[in-house]
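Chains V and B, in that order, are what the protein sequence lines are.
Positions 8 to 304 (the working numbering) are the ones given, in order, by the first sequence.
Positions 6 to 311 (the working numbering) are the ones given, in order, by the second sequence.
Since the hints were derived computationally from the structure, they do not count as laboratory data.
Among the clues, some could well be false.
[As the list claims (entries may be wrong)] One-sided and incomplete, this derived list gives chain V residues near chain B with beta-carbon spacing under 7 Å:
# : residue
1 : Pro43
2 : Leu136
3 : Thr251
4 : Met280
5 : Tyr281
Think of the CB as a built atom: it goes at the ideal place given N, C-alpha and C, for glycine as much as any other residue.
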Amino acid sequence: MKWRWPRISLTQKHNLYGYLWISPFIVGFILFFFAPMLQAFRFAVSELSFTPDGYALKYVGLKNFEYALTVDPEFNQHFVETIVSILVNIPAVILFSFFVATLLNQSFRGRTIARAIFFLPVVLTAGVLHELEVEDLMYLTTQDKDKVMLSAAVVREFLLDMSLPKAIIDYVIIAASSIPQIIEYSAIPILIFLAGLQSVPSDLYECAKIEGATGWEIFWKVTFPLVSPLLLTNVVFITIYSFTAPGNTLVSYISSLAWGRGIFGVSVAMSLMYFLAIGVILLIISFVVGRSVVYME
Amino acid sequence: MNVFLKTRLAEISWSIVRGVLIVGLCFLIVHPVLVKVFTTIMTETDIFDRTVQWVPRNFSLSRVIKHYAEVMQNMDYWRSTLNSVVFSLVISVCQLLSCTIIGYGFARFDFKGKGLLFALVIFTLLVPPQMIVIPLFLNFRYFDFFGLLKGGGYNLIGTYWPFLLTALTGTGARNGLFIFIARQHFRGMPRALEESAYIDGASQFRAFWEIMLPCATPIMLVIFLFSFVWQWNDVFYTGIFMRGGMPLLPFSLRNLMSKYHWSISAEYKTIVNNTGMVLFLVPILLFYVFLQRYFVESVERTGIVG
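Please work from the sequences and hints to get the whole structure.
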């Protein structure tokens, strides 16, 4: 039989064009992502040195990882600190942004201005500002750590007297002292929650009111389940954002090793470990939160 | 008390609590900016003086203006700002175009491996930039078209090229997010729109350009706004790929102190730094003030919700 071109339907032909539309991304991914990642793996197990007309790599096995974990004085500390502070921040940021979104959803005078102000941190967080602020005299005087520590101790005593579990008290104190950071991270989650709250059909609320539900019940039975998909989105978003946000000590340490001291191999090895940590944490979190999300079908 | 009075009282007390909360939180957010602005109108002696917190004792407008002019001079303000504006504009427009095109591809076409490729898009968001930035830097430093060009290679550091290349391929900073947003939006639009165009004989690209894109203007605005702000504030990627290139505003701010003698007092230093910071914030704040309405409404339109 004579060989013919395989016949494809019009729909299939149409769909093949999809590859054309996506092609810039495929090209870009291979060139600017995949290849660098492979190279990063190579760098992590070698030592980089510059030669007159390029660079040279010397294979050193797992020595870079060994160096990072055992010899380097600050890495372990920064690593644990950063990861712990991110994990601590996530619930605080979620609670705070949900609360603020609920507030901003109600109608009151000056609501537009309030919304505009809450979104300001996105525009104000520039890496440069943070760098300069840390050594700036005025900024430090406004922080006034001693006052904060003192009042924190007083509040802690008060809460202890109320015989709340100690872990929760500690958590609340830590969260309260990093309020500026929480506010900064909440800007976009607030918007996402706000959008979600606004998409809840109002007839559900009417129904609930007619049936005689209290505000508390309405919140837990109507608002919360419908907004829960966004909870997952926000948790994932906050986690990703805080891992690469400016002001992250581990990130700046890794950069300083590469550009400041010139030991590229160790720097890449560290960021590899960091990436693995992020991946694992993200998987665990999205799995845990994803189980309890309600989807409207 | 009858029910009506009770509910009215509850409403009013809630309004008060809410008002206090909102005003308090807004103050927390705006406070740093206010501190910066007020620091710039003080003199050295005012900062020494602990009783002065907001309003300086000896305020003279001409001195403040002269001070600002001097800092602007040292920061090369007008040139850096112009550079930043042009740079951010060009790059965000490129990112906008490529991300909408790629997002449209993912939304409207059903080809093998689509799920995997989209997972790769999300993957680009997860990888910490530190990991790939070193190989990328070396790539751009000794750029030889990936082995096709022999002999040394070009140095692309300090030019627009690294940014253009990553922007046009949808692999720049946080472009994965933009692609995601674009895809969600296009998915929500009825197919009848393009189908009517196809019936009338339009090509795929024409249907996209003349019908889908105008419908997607809100989304394009969102992507453009976020991309512009992030590109403007970025010191990470620009710090690595723009070294030795044209001066950009964040770097002019960083280098401000180097123009001053090392022996000036910490108080004077703080005035200078804060002036620089205020000058740095002004353009982006103006931008935000005029367009904040679109920012705030924007997320509702991304289709991430519902």
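Hint by hint, here is what the structure shows:
no.: 1; hint: Pro43; result: holds (4 Å)
no.: 2; hint: Leu136; result: holds (6 Å)
no.: 3; hint: Thr251; result: holds (6 Å)
no.: 4; hint: Met280; result: violated (10 Å)
no.: 5; hint: Tyr281; result: holds (6 Å)
Checked against the numbered hints given earlier, the structure breaks only hint 4 and satisfies all the rest.
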